[in-house]
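Colleague: These are the residues of each chain, in order.
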Amino acid sequence: MGNILKQTISALALFGALAAYPATGQAADLKLGLMAPATTLDPHFTNAGQNLALATNFFDTLVRTDTDGKFVPGLAESWRIVDDETWEFKLRDTTFSDGSPLTAEDVVWSIERPATITSSTASLTIYTKAIIGKEIVDDHTVRLKTKGPYPLLLPDLSNIAIVSKNATQGLLTEDFRTGKGVVGTGPYKLVSYDPENRVVMEANEHFWGGKPDWDNVEIRFLPNDSARLSALLSGNVDAIENVPSSDIASLRENKDFTISEKTSYRFVFLFLDSGRETTPGITDNDGNPLTVNPLSDVRVRQAVNLAIDREAISARLMEGLALPTTNIVLKSMDGYLDTLTPTYDPERAKALLAEAGYPEGFHLNLLATNNRLMNDAKVSQAIAQMLTRVGIRTTLDSVPFSVITTRYSQGDVSTAMMSWPVPTSEASFPFRALIACPDKERGWGLVNWGHYCNPELDSTMAKALTLMDQGERTKTLEDAVRIIGSDVPIVPLYFQVSTWAARNGIDIAARSDERTSARIFTPAK
Amino acid sequence: MISFLLRRVLGGFAVLYVTVTLVFFSVFVLGNPVDVLMSNTTDPAEREAAIIRLGLDRPVLEQYFHFLWNAAHGDLGNSFVYGKPAMSVIFERLPATLELAIIAIIASILIGIPLGLTAGLKHRSAFNKIVMTGSIFGFSLPYFWVGLMLISVFAVQLHWLPSGGRGPTTSFLGLNWSITSLEGLTYVLLPAVTLALYKISLIIRISETSARNVNRQDYIRTAHARGVPPARIVAVHILKNAILPVITVLGIEFGTIIAYSVSVETVFSYPGMGKLLIDSVINTDRPVIIAYVCMTSFIFVTTNFLVDLLYAILDPRIRHSVSGA
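One line per chain: the protein sequences are E and G, in this order.
Going by the working numbering, the final residue of the first sequence carries number 561, and the count climbs one at a time with no gaps.
Going by the working numbering, the final residue of the second sequence carries number 344, and the count climbs one at a time with no gaps.
To be clear, the hints were calculated from the coordinates, so they are not data collected in a lab.
Note that the coordinates shown come from a computational prediction; the quantities given were computed from them, not determined experimentally.
Some hints could be false.
Straight-line C-alpha distance at most 20 Å; calculated EDC-like pairs for lysine to aspartate or glutamate [to be verified]:
hint, chain 1, residue 1, chain 2, residue 2
1, E, Lys499, E, Glu477
2, G, Lys103, E, Asp211
3, E, Lys170, E, Glu124
4, E, Lys216, E, Glu241
5, G, Lys103, E, Glu210
6, E, Lys476, G, Glu67
7, E, Lys476, G, Asp54
8, E, Lys165, G, Asp94
Working from the sequences, and respecting the hints, build out all of it.
Modeller: Rendered as C-alpha cells:
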C-alpha cells in the first residue's frame, strides 16, 4: 500500500515537473514583456530608445554596439579609414527577409531616408548630418565622406537601420502600421503588429547570423510596473525588462527566475547654475536675494559635490541599482578617469563653504522630476537633506518633466536633477550637450542649464573631435575630463543600473544601452 | 417632441463648444510641447522649423481660431507624438476601451438589476441584508486594490487568467478587436470584472431603492387588490417604473468607463483610451488631449441624449409634458 502511494506521488511529481517545463522538445518560443511601446515600426521616424530597440529585431545597422557599448561589425563586415574625411565599409553578403540581396544602394538609401521624414519631433538626422557624401564603389562597398575629420561616425551609424530600398520606396511612416516596409536583415520578421499591445514575429530564415534562437517571438507592452512583473510571475511572459526596484529583493529570493543587471550608460547628475550673475532660486538665510551667485564660486560647487553621500543613495534608496560616480562616462568608455572617485566629506564641504564666504550657508531651490527617473522623487529628497546638513538649506520642487523644461525656458532653474545617456561611448557626447558654452551654430551646449562656459575646455574637446587616432583622442578626452573633475560644472551622481528578469532556462545578455530585443535572450545551454 | 429633441441637440453643441474652448486654453498651462518632445540634441534650426510646422509660434488666439476653423471641418489636428491625426490615434485605442465598457455594463445589468430589484421587493429579508452589505464592499473598494488582488489570485497564484495587457486582435470594420477570440476574452475578463464590481454595486443600490419606492405606490396596491398575478405586477408595473433611474445612471456610467477608466487600465497595463489621455498629458501632446476631451464630451452628450430619448419612450408622462410645453 505504502509502495503504491509512493509511486503515485513520484508519478505526480514527474508529471508536475513536465507540466512546469512544457518548452522542452517543442518549438522554442519567447514572450517578452517590455515597458515602453514603440510609436511606430518605421526605424527612421524618431530618435526614441524604445523605437530603435524594437527595430533591432527586424533590422541591422552597419555598425552594432556590443553589450558594453563597444562598436562591432554589423552589416558592415569591416571598415577602414581611407583618409581623415573618408570611411570605407565592406558589406556582408546577405539577403533581406524577402530574399532580395543587400546592396550598397540600400545602405545609401537608408542613410538618406531620415532626412525625408519631416513629421518627426526627434529626427534621426542628428546621426546622418555629418555625412556629406556617399559613394557606391561596388555592390558591397560604400564610401562615406564626412564634413571634416569625424571620429564619431561609427556611433552615429549604429543608430541607422538599414532598410530595403525596394520595400520602403515611397512609403510614409503611417504605411508601416500594417507592417509594410518592415523588410530587414535582422533575425526576425514581422507577423503582426497591434500598436501599444503586441508585436508578433518569427525567425527570419535568411538571417546571416545563422538560425535565430527562437522560432516565434511575441513582444507585449506592459508599461505598468506591477502588471509587467505579475505577467512574468504568472508565466504569461518569459522575460521582462526594468524589474521594479521595490520588487527586486523578493525576486532575487525566487528560485524560478533569474535576474540580470547591467550598469546603464545613463547617468544622473545635478545642474548648478554657475554661469549667471544672479540665479533665481538662491537667497540668503533671511530670504533676501544675493548680489553674487554663490554657485559661480568653484569652492561652493565642490562643497555640493562633497556633501552628497552617493553610496547611501545607492544602497538605501535604489536597492543597489545605482553606481555612484563623479565621472561622466562608464569605465569601459573613452574619457573615464580612475582618479575621479566619489567622496563623501560633509566636514570638508562645510569648510569650503566657509572659505567661500558662506559660513552660515544660504537658501537653495532644487528642481527635480517625479515621473522620469527611477525613484527620482525619493533621491531628490535625500539630496535636499544632505545639502541642508552642510548648511545649504535646500527646498525641493518635485515636478513632472514637462514642468521642469518649461521652468527652464523661463530661466527659472538654479539647480536641477536630470539624466543623460552616453550612446557614443565617449566623454564628448555628454560634454557637448551639458557643459560646453552654448553655441547654436555648432549645436553645442544646447542643454547647458548651468550656463557654465569654459572656452579653454571647449577647445580641448573640439580638438579631441578632430583626432582620428584613437590613442591621441582618448588622451585629449581624459585631459578635458580632468578639468571637469576639478571645476565641477555639473555634479555627477550615479549611473543607473538596468535590470532584466527571465524564467529559468533563459540566458540574458544584459546591455548598457537599455535596448531590449529578442536578440539579448537565448535558451540556456 | 421635435422641439424637445431640437433643444437637446442645440444644448449638446453648446456644451461641446464650451468644454473644448476651456480645454484648449488650459493645455497651455501644461508646458511647452517642443521642450518635452524634441530630443535635447536636436539642431536649433530644426527646432525652429518644428515650432513653425506645429504652429506653436503663432499667438494663442490665432491658434484657437485656426483650431476652431479646422475642427468645424472635422480636422482636430495631428498628434505631436505619433505624427498622425489625433482622432485616428484615439480611434486605435477605442475598441480596447469599448470592449471593457460593454462587458462591464452588461455584467452590471445582468447581475445588478435582478439582485437590486429582488432585494428592494423583499426589503425586510435576510437576502436584502446580504446583497446590500455586499454592495457596500463593491462600492467602497478602490479599483486599483481590487485589480491587484484579482491579478495576484487568478493570474499569479492560480495561473487561470492572464495578468494584464490585451489579447491578440483581429481586424473588423478597420478596427482591432480582441473579444472575437476566446484567448482575447480571457484578457478582458479581469479588468472588466474589476470595473463591473463597482458598477454592479451602484446598480444594485439604485434599483433597490427604486423598487422599494415603486412597490409602495397606490397603483401597485390597486393591482394587488384587483387580483393581478404577482409575477405580472413585478414584470410589468414594477420593473417598468423602477427601471427609469437605473437607465439614467447606466448611461452616465457607460460614458464614464469609456472616458475615465484610467486606474483600471493602468493597473492592468491595458492599452485603452484612459491610458492614452495620461500619456498625452505627460508628453504634452496637445492635439490628442483636445481631441480626447472633444470625443468624451461628445460621448456624454450623446448618451445623455439617448437616455432622454429612452425616457420619453418608456415614460409617456415625459413625452406628453414636453410636447405639451
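Colleague: Take the C-alpha atoms of G/Lys103 and E/Glu210, compute the straight-line distance between them, and say whether it is at most 20 Å.
Modeller: Status holds; Cα separation ~7 Å.
Colleague: Does the alpha-carbon distance linking E/Lys499 and E/Glu477 stay inside the 20 Å limit?
Modeller: holds, 17 Å
Colleague: Tell me if the straight-line CA distance from E/Lys216 to E/Glu241 falls inside 20 Å.
Modeller: Answer holds: E/Lys216 to E/Glu241 is near 19 Å, not above 20 Å.
Colleague: Is the Cα-Cα distance between E/Lys476 and G/Glu67 20 Å or less?
Modeller: holds, 12 Å
Colleague: Hint check: G/Lys103 vs E/Asp211, CA-CA at most 20 Å. Holds or violated?
Modeller: holds, 11 Å
Colleague: Run the distance test for E/Lys165 versus G/Asp94: straight-line Cα separation, threshold 20 Å.
Modeller: violated, 34 Å
Colleague: With a cut-off of 20 Å on the C-alpha distance, tell me whether E/Lys170 and E/Glu124 pass.
Modeller: Satisfied, since the Cα-Cα distance of roughly 10 Å is no more than 20 Å.
Colleague: Mind checking the alpha carbons of E/Lys476 and G/Asp54 for me, to see if they're no more than 20 Å apart?
Modeller: holds, 16 Å
Checked against the numbered hints given earlier, the structure breaks only hint 8 and satisfies all the rest.
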